[in-house]
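> For the sequence shown, position 127 matches number 127 in the working numbering, and the numbering has no gaps at all.
Just so you know, the hints here were simulated from the structure itself, not pulled from any lab data.
Since we're looking at a predicted model, the values are computed, not measured.
C-beta: ideal position from N, C-alpha, C; glycine also.
Each hint should be verified, as a subset may be incorrect.
The calculated lysine-lysine pairs, modelled on DSS-like cross-linking and capped at a C-alpha distance of 27 angstroms, are [stated by the list, open to error]:
id: 1; residue 1: LYS282; residue 2: LYS100
id: 2; residue 1: LYS40; residue 2: LYS258
id: 3; residue 1: LYS256; residue 2: LYS144
id: 4; residue 1: LYS256; residue 2: LYS39
id: 5; residue 1: LYS282; residue 2: LYS82
id: 6; residue 1: LYS124; residue 2: LYS39
id: 7; residue 1: LYS124; residue 2: LYS258
id: 8; residue 1: LYS124; residue 2: LYS162
id: 9; residue 1: LYS39; residue 2: LYS282
id: 10; residue 1: LYS258; residue 2: LYS144
id: 11; residue 1: LYS39; residue 2: LYS113
id: 12; residue 1: LYS258; residue 2: LYS282
id: 13; residue 1: LYS39; residue 2: LYS258
id: 14; residue 1: LYS232; residue 2: LYS222
id: 15; residue 1: LYS282; residue 2: LYS102
id: 16; residue 1: LYS113; residue 2: LYS258
id: 17; residue 1: LYS256; residue 2: LYS124
Pair ranges (Cβ atoms, derived) [as the list claims (entries may be wrong)]:
id: 18; residue 1: HIS15; residue 2: HIS220; range: 43 to 49 angstroms
id: 19; residue 1: THR142; residue 2: GLU89; range: 46 to 52 angstroms
id: 20; residue 1: SER12; residue 2: ARG126; range: 16 to 22 angstroms
id: 21; residue 1: LYS282; residue 2: ALA140; range: 33 to 39 angstroms
id: 22; residue 1: THR142; residue 2: ASP66; range: 42 to 48 angstroms
id: 23; residue 1: SER67; residue 2: THR98; range: 18 to 24 angstroms
id: 24; residue 1: VAL86; residue 2: ARG126; range: 48 to 54 angstroms
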Amino acid sequence: MTKKSAFTNYHSSIHCDLAIWGATVHGVMLAAEAVRSGKKVLLLNRYGFPGGRLTAALNLVQQIPDSVENEIFLDFLQAIVKDAIVVDENRSFLEPETLKYKLWEMAAQSGAKLLFHVLPTALKERDEQVTLNLAGREGALTVKCSELFDAGDDGLLLSLLKPEAVQITRLALNAIIHLDDLKYWESGPIWERFPITDQRVWLSAAFSPSKKFDLEAAFHQKLAQWHDSLQKAGGRIQLIPLEADREWTAPGAEPKFKHIRLSTGIESEPDQLLLYSLDAVKAHTML
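Take the sequences, apply the hints, and build the full model.
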């Protein structure tokens, strides 16, 4: 017997009780909570994998919550910390692939229908119904729902309703660089250093480009200098995961709706995204 897929079949129009934009950590968990309460749920995502900013990098440091009462979040947390490398009392290096696959598993088993690789193009609320227009890989489609929840960390839904309210800032690049030897390290924008038991060291570095969108170019220019220096000294760079952080804010009054719950920006530091997700789950349990 063929196992039923969690992905929804493509239709030009889809109806549901609750649509959730963004398969972030809290987006996936809130979808599961809503299904448990008896709602027909559709989970939407821009990319083909869940996690949002948390799974956008090859390596990441996160603060781990001290105590978790939510059963769904606790199950998720126990799965992702087993492969983590402890940095200090509160923070650990997490493996994004472990996080990604656990979220996949949770999303597939949540009972919600999944619709990924879609981009919102228009959003409106009329009477008791919310209409969200999407561009997908198979063409345009429309989602009609009783309620829409924004669990995204990209500001896309708010930008549809009030473009002038969304200000996106490209931040300095957070890069974790794995080096064999620090003795020959040239001066650079080092944030933190964490020795690992096998004589290697993790470095967290930030780069500020001369022009707003030249972040990757500035990083690779400095990286080439470090590579040449280390190679002459017999050292090498082992791993170079890139994470270009973007933050967005919604200054002033955001639009008010009866059946649309908008996210108005994530103010957390990059290493507090897990804490933010836990707070979001607590605040919106049983939508």
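> A separate judgement is required for each hint: does it hold in the structure or not?
Structure-based check of all given hints:
no. : hint                                   : in the structure
1   : LYS282 with LYS100                     : holds (21 angstroms)
2   : LYS40 with LYS258                      : holds (19 angstroms)
3   : LYS256 with LYS144                     : holds (19 angstroms)
4   : LYS256 with LYS39                      : holds (23 angstroms)
5   : LYS282 with LYS82                      : holds (24 angstroms)
6   : LYS124 with LYS39                      : holds (21 angstroms)
7   : LYS124 with LYS258                     : holds (11 angstroms)
8   : LYS124 with LYS162                     : holds (12 angstroms)
9   : LYS39 with LYS282                      : holds (18 angstroms)
10  : LYS258 with LYS144                     : holds (15 angstroms)
11  : LYS39 with LYS113                      : holds (11 angstroms)
12  : LYS258 with LYS282                     : holds (21 angstroms)
13  : LYS39 with LYS258                      : holds (18 angstroms)
14  : LYS232 with LYS222                     : holds (16 angstroms)
15  : LYS282 with LYS102                     : holds (20 angstroms)
16  : LYS113 with LYS258                     : holds (24 angstroms)
17  : LYS256 with LYS124                     : holds (12 angstroms)
18  : HIS15 with HIS220: 43 to 49 angstroms  : holds (47 angstroms)
19  : THR142 with GLU89: 46 to 52 angstroms  : holds (49 angstroms)
20  : SER12 with ARG126: 16 to 22 angstroms  : holds (19 angstroms)
21  : LYS282 with ALA140: 33 to 39 angstroms : holds (36 angstroms)
22  : THR142 with ASP66: 42 to 48 angstroms  : holds (43 angstroms)
23  : SER67 with THR98: 18 to 24 angstroms   : holds (22 angstroms)
24  : VAL86 with ARG126: 48 to 54 angstroms  : holds (51 angstroms)
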